[in-house]
Amino acid sequence: MSDFQIKIMPIAGADRQAITIEVKGQPVTEHFDEQEQLGAAIIADPMPLAEWFAANWWRLRWEPEKENLTAEQQLDWNLSHRLAAAASGYQWPDLQLSSDDAAIRCVACKTEGRFTTIRFTRQLDEWLNAQGFEEGVDAFINALASRYPGSNLAQLWHELLDERHDPAAIDWRKLEAKAGYDPDEAPEALIEGLQRFYGVFGKDSVEELGSDNRGTTALEHAQRLYRSLQASRHTMSPDLTGFALQAGTALTREYQPVWKQAARAASWVRSKLGISPEEQLTNGRLLDYLGLSKQVWSQASKAQVDTAGLRKGDNQAVVVVHQGRNTAKRFSLARLLGDYVYTQQQVNSQLLSLTHSRTRRQKFQRAFAQELLCPYEGLLEALETAQPGEESLEKIAKHYQVSPLTVNYTLENRQQ
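Residue 1 is where the sequence shown starts when you use the UniProt record's numbering, and the numbers rise one by one after that.
The set of hints was computed from the structure by calculation and includes no laboratory data.
Don't take every hint at face value.
Said to hold, decoys possible - The calculated PhoX-like cross-link candidates involving lysine-lysine, where the alpha carbons are at most 20 Å apart (straight line), are:
| no. | residue 1 | residue 2 |
| --- | --- | --- |
| 1 | Lys-260 | Lys-272 |
| 2 | Lys-329 | Lys-203 |
| 3 | Lys-398 | Lys-272 |
| 4 | Lys-398 | Lys-329 |
| 5 | Lys-294 | Lys-329 |
| 6 | Lys-24 | Lys-7 |
| 7 | Lys-174 | Lys-203 |
Stated by the list, open to error - Computed Cβ-Cβ distance ranges for the label pairs, DEER-style:
| no. | residue 1 | residue 2 | range |
| --- | --- | --- | --- |
| 8 | Leu-383 | Leu-124 | 25 to 33 Å |
| 9 | His-165 | Gln-280 | 51 to 59 Å |
| 10 | Glu-390 | Gly-242 | 38 to 46 Å |
| 11 | Ala-14 | Asp-166 | 48 to 56 Å |
| 12 | Lys-272 | Ala-169 | 43 to 51 Å |
| 13 | Ser-392 | Gln-295 | 29 to 37 Å |
| 14 | Ala-14 | Leu-161 | 43 to 51 Å |
Ideal Cβ positions, reconstructed from N, Cα and C, are used throughout, including at glycine.
Kindly produce the complete structure, drawing on both the sequences and the hints.
Structure follows, in structure tokens:
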């Protein structure tokens, strides 16, 4: 049984049907009606819902959550990722769907309001295996498209299936979706320009760049990174001898939180360096392990580019480092190492890039950097209370040379 299911049940003598949407067996359609009766199914026409899933399939499957969106960008994102946008005169659950590549996040919230006819009661935050999500959505759309072969839905479904069996179409649609565009809405120059970087950066890394909140400037960003990396004389070559990244990046049936995988990798590096969880990883030891000259710290790039790296054929990577505070540079270099670890067996990920999106790869980087610089075990030793105050967090952050936010995020990860 799929972790994501949309069940429809005909109602005798009515055009509408009973619809139940379940996430890991939990009915997000559960609600109180105007008579305060609790029910698991809503009564509505399922066609608008199916058309919404079909029209937004690529963005639902591949577009991650993004930071720093403008009001216009946020509205556009909501229309493709929040179930309420299916509208058509019906009230749908407040369910938000987003991708991290390997999995789909489903966030449902309770609804309130004086003028609502029904109040949805289910609240959840679950990660679903992407394949299971696809199966649930496909089964729902296919059932209705088969029942109404001449409908707009049937045409949408036919076109979608054709694209999903065409490698060139898949490539184009994924780049479009990750960049935040509906099908055929992205500028051709943007997609074609990004595709030209496949041979230099690798296809997976180009898609990662496209996932960042940059819109049409993603291509300009790629071009700036390329120029900066071509001009750089700094290379890193961390020793990963004996290390193998444990399973977790593959599309397994059960979703595994990426921070666990990242924390194990970071602990391995600290162990290799002989640093206890209570010790600070100094700038000197970090640079030595990366094989970087101390000049990279004082001569950070003055150009407006992010920290990035480009793999070479000899297990090295050319790097550029942005200017900034000591803590910011430490964290970005730790993230860069995390990306080097994450992509070590990926032939299509020559570019090592840090973005603001929430793909699995970016989440791995951040969790890796947190554990490498500010290990959880060391935090537990330093904490004087289960609910540390601002002063305690700042003291720990100063010891590890990280920001207080990094300390907070490290603690929050372990609560997932």
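Status of the hints after comparison with the structure:
| no. | hint | verdict |
| --- | --- | --- |
| 1 | Lys-260 x Lys-272 | holds, 19 Å |
| 2 | Lys-329 x Lys-203 | violated, 27 Å |
| 3 | Lys-398 x Lys-272 | violated, 24 Å |
| 4 | Lys-398 x Lys-329 | holds, 15 Å |
| 5 | Lys-294 x Lys-329 | holds, 13 Å |
| 6 | Lys-24 x Lys-7 | holds, 13 Å |
| 7 | Lys-174 x Lys-203 | holds, 11 Å |
| 8 | Leu-383 x Leu-124: 25 to 33 Å | holds, 30 Å |
| 9 | His-165 x Gln-280: 51 to 59 Å | holds, 53 Å |
| 10 | Glu-390 x Gly-242: 38 to 46 Å | holds, 41 Å |
| 11 | Ala-14 x Asp-166: 48 to 56 Å | violated, 39 Å |
| 12 | Lys-272 x Ala-169: 43 to 51 Å | holds, 44 Å |
| 13 | Ser-392 x Gln-295: 29 to 37 Å | holds, 36 Å |
| 14 | Ala-14 x Leu-161: 43 to 51 Å | violated, 30 Å |
In this structure, the hints that do not hold are numbers 2, 3, 11 and 14, in rising order.
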